[in-house]
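In terms of our numbering, the sequence shown opens at residue 1 and continues consecutively.
No lab work stands behind these hints, which were simulated from the structure alone. None of these values were measured; they are calculated from a predicted model. Worth double-checking, as some hints may not be accurate.
Derived lysine-lysine pairs resembling BS3-like cross-links, with alpha carbons at most 27 Å apart [claimed, not checked]:
{"#": "1", "residue 1": "Lys309", "residue 2": "Lys448"}
{"#": "2", "residue 1": "Lys35", "residue 2": "Lys221"}
{"#": "3", "residue 1": "Lys35", "residue 2": "Lys471"}
{"#": "4", "residue 1": "Lys309", "residue 2": "Lys392"}
{"#": "5", "residue 1": "Lys3", "residue 2": "Lys35"}
{"#": "6", "residue 1": "Lys361", "residue 2": "Lys392"}
{"#": "7", "residue 1": "Lys361", "residue 2": "Lys471"}
{"#": "8", "residue 1": "Lys221", "residue 2": "Lys3"}
{"#": "9", "residue 1": "Lys471", "residue 2": "Lys448"}
{"#": "10", "residue 1": "Lys392", "residue 2": "Lys448"}
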Amino acid sequence: MPKRLDLGSICLIGSGPIVIGQACEFDYAGCQALKVLREDGFRTVVVNSNPATIMTDPGFADRTYLEPLDLEGVTEVLARERPDALLPTMGGQTALNLARELAEAGVLEELSVELIGAPLDVIARAEDRELFRDAVQSVGLRVPQSRIVTSPDDVAGVALPAVVRPAFTLGGHGGGFVETSEQLRRQVERGLAESPIGQVLVEESVRGWDEFELEVVRDRKDNVVIVCSIENIDPMGVHTGDSATVAPQMTLSDHAYQELRDAAAAVIRAVGVECGGSNIQFARERETGELRVIEMNPRVSRSSALASKATGYPIAKVAAKLAVGYTLDEIPNDLTRTTPASFEPTLDYVVVKFPRFAFEKFPGADRTLGTQMKSVGEAMGIGRTFLEAYLKAQRSRELDVGTSATASPQLSDDVHPWFRSEIECVHVALDRVASIEDLVADDFLRLKRLGISDADLAETCGVTEDEARAKRRASGVRPVYR
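Please work from the sequences and hints to get the whole structure.
Shown next as structure tokens:
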């Protein structure tokens, strides 16, 4: 179906200031959405409290408001501009929570503003832990055994260890693993204070299980596209924003991956997202294949930005077009220019994301990684193999320590053996290098295919990087692109 003709003006809520868990990914998404909405002839209005974003620059929207992202500030903008619709899915958790507040306060109904992209009932089913659990179980899938808690007194009898997950929060804020009754009560009190609706989920621990994410898009005709699979190298217990991740997934058999795809499609249908994208997270027990649905974001997320850059599939653009009435088969693919967005992207390369921490700027911070996100950024590496992409991403963080292959971090025993064996290949290959002068073209080619840099070779052989590079070039081994 073509775009909706009953919509003339659309308001987009930004994500506000950059904080851990919510950064430039949402500015990237907002810019994509504004561009395609204006191309389709819609009048656009932006509300954001962060003047440093690109989306608030002149020319991106017809009207831009630098206002506090609270109920009062956005209500005033809506009353002045009177848009036909509000699109909250490009502004992260901040925009989603604000849209919920506006709807529940009656502001949207009073001003005749329609919530598009993620209606109120969809936001509730995805973000309210109890409603989400019911939706997942309605399609025969399992979530970790859990209890909804609205008071610290509700935790009596909870089996430990457990995980505390507050509702409607960003980056795992207010949540964490607990192993004692005292830790449980303290974490629940904190989670209830952080949750906008005063609700937390206390669930069984699946720490150590493998973690996967799927980026899923669905339209009004019930077409579902799996844009990208993402595997977390760190197992469950580390927030996805703090884990190194790889796309596409590496360790699942085809049968297991198809099971994951079917589960993701069932979840997005059960929650009711029918005009946009979602990020769905799963835990899988490595030996038995047991699957648990962990959570879902009914909006553009950090992983959406990674998936878009990894595949070339513009998730934010597609989600914006779906929100105004288009279907996937009506949206052209910008890369191929011959296929629609209903065609799933396929990768013949590997993309790895590596987190960037800044603990040196916060001397008193707890460096233990858990369910609350602590990284302040990330780097992406692309290669023909996992190892090549992994080492590129690691080097791209531009740190003085731990960026070389020889300083590759030790992986815990919970990490999948396939990843551990791949990374061990680097150390084995470098241990076999005695002298830079002994290396011939085949040796350089083999080392380069592993992702080993000239600097790594120089450090191993005790020569300068320039000397290692000159030797490689003299052997005729040079980079190629495709």
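Status of the hints after comparison with the structure:
no., hint, verdict
1, Lys309 / Lys448, "holds, 24 Å"
2, Lys35 / Lys221, "holds, 25 Å"
3, Lys35 / Lys471, "violated, 48 Å"
4, Lys309 / Lys392, "holds, 16 Å"
5, Lys3 / Lys35, "holds, 15 Å"
6, Lys361 / Lys392, "holds, 25 Å"
7, Lys361 / Lys471, "violated, 40 Å"
8, Lys221 / Lys3, "holds, 14 Å"
9, Lys471 / Lys448, "holds, 13 Å"
10, Lys392 / Lys448, "holds, 11 Å"
Hint compliance for this structure: hints 3 and 7 are broken, all remaining hints hold.
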